[in-house]
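Engineer: Go ahead and model the full structure; you've got the sequences and the hints to work with.
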Amino acid sequence: MTTEAPEAVTPLFEVFVRSKQGLDHKHVGSLHASDAQHALTLARDVYTRRQEGVSIWVVPSNAITASDPALKSDNFDPMASKVYRHPTFYDIPDEIGHM
Amino acid sequence: MYTQAFDIVVAGETSPVADDGDVQTAFLARIARDEKIEPQDAMPEAYRKTLIRQISQHAHSEVVGMLPEGGWITRAPSLKRKEILLAKVQDEGGHGLYLYSAAETLGVTRESLVEALHAGKAKYSSIFNYPTETWADIGTIGWLVDGAAIMNQVPLCRCSYGPYARAMIRICKEESFHQRQGFDIVRSLCEGTPAQKAMAQESINRWWWPTLMMFGPHDSDSTHTGEATDWGIKRISNDALRQKFVDVTVPQAAFLGLTLPDSAIMWNAERGHYDFGKIDWDEFWRVVKGDGPCNAARVSDRVAAFDEGRWVREAAAAHAAKSALSKASLKVAA
Chain Y
1 MTTEAPEAVT
11 PLFEVFVRSK
21 QGLDHKHVGS
31 LHASDAQHAL
41 TLARDVYTRR
51 QEGVSIWVVP
61 SNAITASDPA
71 LKSDNFDPMA
81 SKVYRHPTFY
91 DIPDEIGHM
Chain L
1 MYTQAFDIVV
11 AGETSPVADD
21 GDVQTAFLAR
31 IARDEKIEPQ
41 DAMPEAYRKT
51 LIRQISQHAH
61 SEVVGMLPEG
71 GWITRAPSLK
81 RKEILLAKVQ
91 DEGGHGLYLY
101 SAAETLGVTR
111 ESLVEALHAG
121 KAKYSSIFNY
131 PTETWADIGT
141 IGWLVDGAAI
151 MNQVPLCRCS
161 YGPYARAMIR
171 ICKEESFHQR
181 QGFDIVRSLC
191 EGTPAQKAMA
201 QESINRWWWP
211 TLMMFGPHDS
221 DSTHTGEATD
231 WGIKRISNDA
241 LRQKFVDVTV
251 PQAAFLGLTL
261 PDSAIMWNAE
271 RGHYDFGKID
281 WDEFWRVVKG
291 DGPCNAARVS
301 DRVAAFDEGR
311 WVREAAAAHA
321 AKSALSKASL
331 KVAA
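Residue numbers (the numbering used here), protein chains in the order written: chain Y, 1 to 99; chain L, 1 to 334.
Please keep in mind that the hints were generated in silico from the structure rather than gathered at the bench.
Relax, there's no trap hidden among the hints.
Computed cross-link-like contacts, DSSO-like style, restricted to lysine-lysine with a CA-CA straight-line distance of at most 27 Å: (1) L:LYS36 x L:LYS173; (2) L:LYS278 x L:LYS244; (3) Y:LYS72 x L:LYS49; (4) L:LYS173 x L:LYS80; (5) Y:LYS26 x L:LYS36; (6) Y:LYS26 x L:LYS173; (7) L:LYS173 x Y:LYS20; (8) L:LYS36 x Y:LYS82.
Label pairs and their calculated CB-CB ranges: (9) Y:THR65 x L:LEU79: 46 to 52 Å; (10) L:SER326 x Y:THR65: 26 to 32 Å; (11) L:ASP247 x Y:PRO93: 55 to 61 Å; (12) Y:THR88 x L:SER326: 53 to 59 Å; (13) L:ALA296 x Y:THR65: 45 to 51 Å.
For glycine and all other residues, C-beta sits at the position ideal for the given N, C-alpha and C.
Structural biologist: Okay, structure coming up:
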């Protein structure tokens, strides 16, 4: 590292792209930009060069609150035993047909 | 490209020591189950450091890789070729961004990584320290250099670190266009005038051996690949990838009517592979250690581009601060 004052760190944004009208925006990656408007412009150049999207969201990375990976089993394992939440849990007589 | 990073430890960088047993054991069990590791997960410090080195060297390679080709954008022989090359070089910049972002998830800033490159402390792929002397070199880089890169990068799509694997999937999708456009350039030259074909041949003569070096030292001399393999970062060894590359490239060169500059290339029916000659490892290490034909120019070009862009970054930051301020005062007024 040099002795000069380090350059200010440019804020980080997470980028979400809607690939097609009617579909969800999906996380595609991140980038640095001076502000949200700048982030949108850069996201267009970086993440939609091959028509990957019709709409972009950018969110400051530090605005995201994430679940703790250490609590993964506390959070999500209880659902493993609740198979009755799925339609396939129930037997439907053949005579009834599609339900 | 650029699994060279396993083998090339920057001077002064000590090999990270193993962590306390608990993290290590749980971690190796996850790797054995082929689970992906995500940024907030517990991981051994040595794994984190190896990834930072590998991913940042990879990112630097993408960014420095724009230089040998960028110089030919204004000299491309037609508008079509110019548009294609522009798009390709832009892709490389994007690849650099994906990779810096992946590295940043490990707790380093992009600024610190770029600074290390500019200070000459960080490495990038040896291949970009060779000059692009003719238009045929642009074809050769796409066909051979990007072809070798794809060979290296496809297995990385399955690497154990989630953000790196996802970046590689995106990169591989785009890289395929790079190789094909290169092959297309070389093919056009080979089907052109005798002078054009000679230009293609001369270019292959210069790039063939440096391309084989891109895969890094022989497995027997490669000291870092052991742990990279154990950690699910590196899936296929240097020599296996190099052999695979030779095997697919020899028939392609024959199709084009080009001669690869190695008289030892011969089909070995027993092995089911092409044999090839000895690589000049002295040249490889010379280039890696900074003494290649273009090392100094590449770094100084990067530093100049960064310095000349400073006012743009400062202006963007000033604009952002000013519009944030005026938004805040509007709120107060309301």
